[in-house]
Structures are given as structure tokens and as C-alpha cells.
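Novice: Spelled out from the first residue to the last, the chains are:
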Amino acid sequence: GESVGLHLPTLSVQEGDNSIINCAYSNSASDYFIWYKQESGKGPQFIIDIRSNMDKRQGQRVTVLLNKTVKHLSLQIAATQPGDSAVYFCAERRFPKLTFGTGTRLTIIP
Amino acid sequence: DTEVTQTPKHLVMGMTNKKSLKCEQHMGHRAMYWYKQKAKKPPELMFVYSYEKLSINESVPSRFSPECPNSSLLNLHLHALQPEDSALYLCASSQEKSGDTEAFFGQGTRLTVV
Numbered sequence: 002g003e004s005v006g007l008h009l010p011t012l013s014v015q016e017g018d019n020s021i022i023n024c025a026y027s028n029s030a031s032d033y034f035i036w037y038k039q040e041s042g043k044g045p046q047f048i049i050d051i052r053s054n055m056d057k058r059q060g061q062r063v064t065v066l067l068n069k070t071v072k073h074l075s076l077q078i079a080a081t082q083p084g085d086s087a088v089y090f091c092a093e094r095r096f097p098k099l100t101f102g103t104g105t106r107l108t109i110i111p
Numbered sequence: 018d019t020e021v022t023q024t025p026k027h028l029v030m031g032m033t034n035k036k037s038l039k040c041e042q043h044m045g046h047r048a049m050y051w052y053k054q055k056a057k058k059p060p061e062l063m064f065v066y067s068y069e070k071l072s073i074n075e076s077v078p079s080r081f082s083p084e085c086p087n088s089s090l091l092n093l094h095l096h097a098l099q100p101e102d103s104a105l106y107l108c109a110s111s112q113e114k115s116g117d118t119e120a121f122f123g124q125g126t127r128l129t130v131v
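Residue numbers (this note's numbering), protein chains in the order written: chain X, 2 to 111; chain S, 18 to 131.
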């Protein structure tokens, strides 16, 4: 069965606001945790990853936080734009496997 | 070139048909993957190839038969499928080392079994 899962299936955010997408995991043996974005009709696209021994990693407009104590992962998107509308999956990497969580649909309100 | 190309984009097949899905990448990646994705669900891992050898089979029924003829190509041969096999089939590739997490996905083949 899956060892990663998301708290909320849908999230609506006002354009320009920050978005926070959450994910819970149950397996502590993962090497990395990764966020993917999947737009309609496309394959998943890598956003950002975090090694399992890190707490925080920042990219361009995105930040991933890892709380190993409560086995929780989050993706923060700053200044959300219409192009951010998509389904977001967290995934865990236990090489060579890449296992996806349930997914959250992010909708941007103009 | 950071593309994974899948053909065909759409496929309709009968339960007695034999068809093949194709995947190609020219990024020098030595790990290649097949995933199955049902509507509103996450991708589910089916097979992993490492250096053209099958390294993981996630208990996939034998009516799905993968093949990796060379380091750039990955096929999925389909035979005697069931309507419940209708889904989006995604191919992905990545570097073959644990520190490289970025897997590149193709746009998928939308398969309908009638």
C-alpha cells in the first residue's frame, strides 16, 4: 500500500496569496521526499525535493518543509499564480522506487 | 533534450488485441519506469528497468509485458487486456543513482480497452 498520503484533496487559493499543501508519510526509510505538479493532460513534473536528513529546502517561489517527528511534509508556494493550478503529489524515493501520494488539486481564484 | 516521448498518445483496443506502447528518451538516463494512472488517482509504479534489465515488477499481471531493447527505448506490450486496464500509462526516466531524484515523465498514453 501507499506510505504517503495527503490531508486535503482540494485547495482553493486567491491569486497572489501563498499556498500550503500538506502531506503525511508513514515510512521513515525514504531517501528523499519529492513534490510533483501534474497539469491536465500532462505527465507529472518535478518541482523540488528534500533529502530525508534535511528540514527545509527552498527553490524559486517554493519551499518544502520536512518534520520527521510527526512525519509531515509541506509545499509552500509563494504569490500563487494562475499557472500554479494543477494537482500536486508528494512522493517518496527509496531508490530506485518512486512512490506517489494521493494528490491535492490546487485551484487559483482570480 | 529533457523530453520523454511516448507513442501513441491515445489507443483504443479490444480485449483480444495485441498492442505496444513506446517510450523514448535521449538524456542518457539508465533507469526507466512504467506507471499506470487511473482518473483522480496518483501514478502507480508497474516496472523499473535499470541498465536495460528489469529490476522491479510490482506484481503486474502477465498481460502487461515490458521490454527495454536499448538504453533509450522502453516498450510495454499489451495482450488480452480487460476494461479495468483502461488508464493513462506513463513512462519516466532518471539517472541511475540514489542521489538523483528528478524523474522526467512523458505525457502518457491514454489507453481505452473495449
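A portion of the hints provided could be inaccurate.
As the list claims (entries may be wrong) - On the chain X side, residues computed to face chain S include the following (Cβ under 10 Å):
1) Leu12
2) Val14
3) Phe47
4) Asn54
5) Met55
6) Asp56
7) Lys57
8) Gly60
9) Ala80
10) Pro83
11) Gly84
12) Phe90
13) Phe96
14) Lys98
15) Thr100
16) Gly104
Calculated directly from the structure, the hints in this document are not laboratory data.
Positions of the beta carbon are idealized from the N, C-alpha and C atoms, including for glycine.
Novice: A separate judgement is required for each hint: does it hold in the structure or not?
Specialist: Structure-based check of each hint:
{"no.": "1", "hint": "Leu12", "in the structure": "violated, 15 Å"}
{"no.": "2", "hint": "Val14", "in the structure": "violated, 20 Å"}
{"no.": "3", "hint": "Phe47", "in the structure": "holds, 5 Å"}
{"no.": "4", "hint": "Asn54", "in the structure": "violated, 12 Å"}
{"no.": "5", "hint": "Met55", "in the structure": "violated, 12 Å"}
{"no.": "6", "hint": "Asp56", "in the structure": "violated, 17 Å"}
{"no.": "7", "hint": "Lys57", "in the structure": "violated, 16 Å"}
{"no.": "8", "hint": "Gly60", "in the structure": "violated, 12 Å"}
{"no.": "9", "hint": "Ala80", "in the structure": "violated, 24 Å"}
{"no.": "10", "hint": "Pro83", "in the structure": "violated, 21 Å"}
{"no.": "11", "hint": "Gly84", "in the structure": "violated, 18 Å"}
{"no.": "12", "hint": "Phe90", "in the structure": "holds, 6 Å"}
{"no.": "13", "hint": "Phe96", "in the structure": "holds, 4 Å"}
{"no.": "14", "hint": "Lys98", "in the structure": "holds, 6 Å"}
{"no.": "15", "hint": "Thr100", "in the structure": "holds, 7 Å"}
{"no.": "16", "hint": "Gly104", "in the structure": "holds, 5 Å"}
Hint check: violations occur at hints 1, 2, 4, 5, 6, 7, 8, 9, 10, 11; the rest are consistent with the structure.
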